[in-house]
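For this one, chain A is given, so just place chain B on it according to the hints.
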Amino acid sequence: EVQLVESGGGLVQPGGSLRLSCAASGFTFSSYSMNWVRQAPGKGLEWVSYISNSISIIYYADSVKGRFTISRDNAKNSLYLQMNSLRDEDTAVYYCARYFGSGTYAFDIWGQGTMVTVSS
Amino acid sequence: QSALTQPPSVSGSPGQSVTISCTGTSSDVGSYNRVSWYQQPPGTAPKLMIYEVSNRPSGVPDRFSGSKSGNTASLTISGLQAEDEADYYCNSYTSSNTWVFGGGTKLTVL
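Going down the list, the sequences are from chains A and B. Using our numbering, the letters of the first sequence map in sequence onto residues 1 to 120. Using our numbering, the letters of the second sequence map in sequence onto residues 1 to 110.
The shape of chain A in the complex, shown without the other chains (with noise of 0.2 Å):
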């Protein structure tokens, strides 16, 4: 079975760190990039960063440049999400999501999502 379970969610203070895992199982990691979205509670969803399969090419949202990285780890099937410098509006859920492949510009298969508040 495709699947993408998220981990490392949790409360912060303004102004820390903290880092998001994504396990893929069930398909070739290392053939697809990947992306994190996340969704504030109540609101939409909202694209955060792209990162290909050979990890050649990063985007981000401007509302977390500067402060997220993306990267990934292909021999463990894993993305990753370092966010630092977080603020209240950071507070989502945030889900991994596997681009669904070359010209589509989708994502086709979605986690269940890592909850992450900044409060303190």
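Keep in mind that the hints were calculated from the coordinates and are not lab data. Source: prediction; values computed, not measured. Ideal Cβ placement from N, Cα and C applies to all residues, glycine included. Watch out, some of these pointers could steer you wrong.
[What the hints assert, rightly or not] Output of the computed footprint for chain B on chain A, the stretches with three or more beta carbons under 8 Å from beta carbons of chain B:
id, segment
1, 13–20
2, 104–113
[What the hints assert, rightly or not] Sample of chain B residues facing chain A (criterion: CB under 10 Å; computed from the structure):
id, residue
3, Q1
4, Q6
5, P7
6, S36
7, T44
8, P57
9, F64
10, D87
11, N97
12, W99
13, G104
Using the frame of chain A, we list chain B on its own:
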């Protein structure tokens, strides 16, 4: 990058058709056929329903269809069923090498 514009809510009775619009700009929806749609029932992760404006992934019923004209994309659900009740989000790739979602539309099946 501003969010794409969707109506906050739409509704329809079982068996009817509904259309959800998604308006962007010439830098996103209008520039590329890279529009996708996602269904999100309460408390669950999003599910891909349409990609590249009008293509359905395997397993998505053909009651779901997509189209685009200019800067506006649309999702049409025909033969409404109770199980279609959910939030729907459009998404587009942009000229800035980013992706932008719509604000979401809550579909109520009466």
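To see whether the hints hold, each was checked on the structure:
1. 13–20: Since three or more residues must qualify, the claim that chain B covers the segment 13–20 of chain A is violated, with 0 doing so at under 8 Å.
2. 104–113: With 9 residues in contact (Cβ-Cβ under 8 Å with chain B), the coverage given for the segment 104–113 of chain A holds.
3. Q1: holds, 7 Å
4. Q6: holds, 9 Å
5. P7: violated, 13 Å
6. S36: holds, 4 Å
7. T44: holds, 8 Å
8. P57: Because about 6 Å separates B/P57 from the closest Cβ in chain A, which is inside the 10 Å limit, the hint holds.
9. F64: violated, 14 Å
10. D87: Hint on B/D87: holds, closest Cβ of chain A at ~8 Å, below 10 Å.
11. N97: Constraint on B/N97 satisfied, holds at 5 Å.
12. W99: Interface hint status for B/W99: holds (4 Å vs cutoff 10 Å).
13. G104: Because about 4 Å separates B/G104 from the closest Cβ in chain A, which is inside the 10 Å limit, the hint holds.
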